[in-house]
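*Asks:* Take a look at the letters that make up each chain.
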Amino acid sequence: MTTDTVETADPGSAAPAPGKPAKRRRARSPKFLLAIPAWTWFILFFALPVGLVLLYSLGEQVSTFVQKPNVSPSVWSLDNFGKAFDPAYAPIFWRTLRISITGTFICLVISVPFAYWLATKVSPKWRGLLLGLVLVPFWTNFLVRTIGWQLILAPNGFVSQKLQDIGITSGDLALLYTQTGVQIGVVYNYLPLMILPLYVAFERIDPALTEASKDLGANRLKTFVQVTMPLAVPGAIAGMLLVFIPLMGDYITASLLGGAKGSMAGVLVAEQFLNTFNWSRGAAMAVIMIGFILAALAVFAGIGLVLRAIVRARRRVSLPEAVA
Amino acid sequence: MADADSSGEQTGAVELVDVVKMFGDFTAVDRINLSVRPGEFISLLGPSGCGKTTTLRMLAGFEEPTSGELRISGQPIAGTPPHKRDVNTVFQAYALFPHMSVAENVAYGLRQKSVGKADMALRVAEALDMVKMRPLADRRPRQLSGGQQQRVALARALVNRPSLLLLDEPLGALDRKLREEMQIELKLLQSQLGITFIFVTHDQEEALSMSDRIAVMLDGRIEQLGDPYTIYEHPASAFVAGFIGQQNFFRGRALEGGAGIEANGSTLTSSRPADSLAVGSDALAAVRPEAISVSETDPGAAVNVLRGQLAGISHLGDVIQFVVSTGGGREILARLPRTKAPRLETGQTVWCSWAADHTYLFTAEQADLVLADPASDKAEVLAGN
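Chains W and S supply the protein sequences, listed in that same order.
With this note's numbering as the guide, the letters of the first sequence map in order to residues 1 to 324.
With this note's numbering as the guide, the letters of the second sequence map in order to residues 1001 to 1385.
Looking at chain W on its own, in the form it has when it is part of the complex (with noise of 0.2 Å):
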């Protein structure tokens, strides 16, 4: 900035004097200030905590009397990591990769669906009392909302009884403390999270791109698949990140309505914390999981990255060399 435009600036605004250039506005506060906030939780409460974990991990117990483990350098090993992959808890593992990768695609399958018609089909009056209705759940506590599914799955409860009454079932209802019980549970806690993202990313379609589409010759199904799901994309991968993180790490459901037959590694993690008081395996085993989130991301990413390959190599269009 020169003093030439301080000067033609309009004496009435806020422009600095002329002969006091802009040097002033140069000397303000750095633009990170700004994110202190934001770095001091996140170091405090994210990065120092999975330190720790890994810190854990890497130490042994000291007894099974004793909570916490021995990290002295000396008897740094990964011990603990072989112990956590230990061949009986292996199905727990997997059991929760299968939970979570089911229940993050049926929450997909049940929201886009619903997002949609929310955000297109809905007259603006009454969506904000749907999305309401959306997170109604949320007001409640998760735990009395996951232990009112206990009573809904339950084989002697109102529903089994209910559906033996028309004649659906012969017999009581065997959800309860299996692995479908814990898939039914997380759909119902997880869902809002898949809604909101994909409501938001379908509102934010223009509405003239799905008539340009319709005006083009596309039906309304063609309009759907070639343009409003891929300007949702990024909607659906939020809602599918927000879904799928927190359900690999679930304690609560799994405890509640998973019992022997559906437990999921967050219980596991928590009875070598809470019961056999074996930080140091338990540590390994959410280190464990965290790889397993991360792997399972960049598996999806790279899905995702072929997907959208095929889809744009299909659409595209290689024109004829330019006659000079």
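Hints are computed from structural coordinates only; laboratory data are not their basis.
Hints are not guaranteed to be accurate.
[What the hints assert, rightly or not] Rough simulated footprint, nothing fancy, chain W against chain S, three-plus residues with beta-carbon under 8 Å:
no., stretch
1, 1032-1038
2, 1070-1083
3, 1088-1095
4, 1112-1126
Quantities reported herein were computed from a predicted structural model and do not represent experimental measurements.
Note that beta-carbon positions come from the ideal geometry of N, C-alpha and C, so glycine has one too.
We have chain W already, so just place chain S on it with the hints.
*Replies:* Then chain S, alone, in the frame of chain W:
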């Protein structure tokens, strides 16, 4: 959907018969009748809310008329969804697909018709050449300027070779210079392709410069339909007179035989008698700024003369605009070519004069509409002085 051949020479003809569109209680389009010839460039011109866009959307298929009939190329199109109409639209904000390249955008319509790869590439290239966008074929819409996006939108619509192209204020977002360039290009393209263009705009200059015919719309009705010359020279109503170009309006009592009006103690004579005006009835006289001469001395012989004080002078390039105050808060706007304009100073007494055939007479029905126009140039000029 009828194939284009069966309708033969009707291809591209558009017919609106008693078309009405209501939104709840609001009548957006009020019994419009319009017949567009194949290959014609017709503009729907009017202020916002006059129903021009609604009319366009009914032709595109995004709205269904409440009553009346629409025919394209001779075929009734009621109930035909947009994707099955032989019509394409250039949208106001272009509505280019942001996730596709320029070429992919243009190819979109062809892909829906399952045109083969090779043929598609050829036609996309041809369409991009037509709008001079071939070198930017691989760009994304957000990497393009407004004018470039506009060209792509045009290519994307025209590549489908529709029999009718609808344009919804497509030049509104462009700056003046670019807009004028695009006007010329659009008109050229249209005459080369022979496709019927229905062009919606609120910009009278745009409509005048490009159209074969203009339909001036107000409150859901067509006020006047005619070629630019007729619309400009023989406005059918005070609204049309005021909306196309600029006018000085005078309100007064009609004289006998519709030969003029008596306004504020002066007699304004017209050689365009309006028989419909009863003697003594409330009437409007309209005179275009470019029809008025301004002089330092009493022109004497002139038919219509009004004396006033020169309140402002604006230099508009090859034209000089004078604002003359005739007392009582009334102003006359006069525009003279630079070569014919006298050198005058603000504050001096001047005479405005014009010939009788430049006075247009109307009933005072639309007086409120044309007299209360805060956005008129007059107000701007006054504010500037």
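*Asks:* All the hints need checking, so say for each whether the structure fits it.
*Replies:* Evaluated hints:
no., hint, verdict
1, 1032-1038, "violated (count 0)"
2, 1070-1083, "holds (count 3)"
3, 1088-1095, "holds (count 6)"
4, 1112-1126, "holds (count 7)"
The structure does not agree with numbered hint 1 stated previously, though it agrees with all others.
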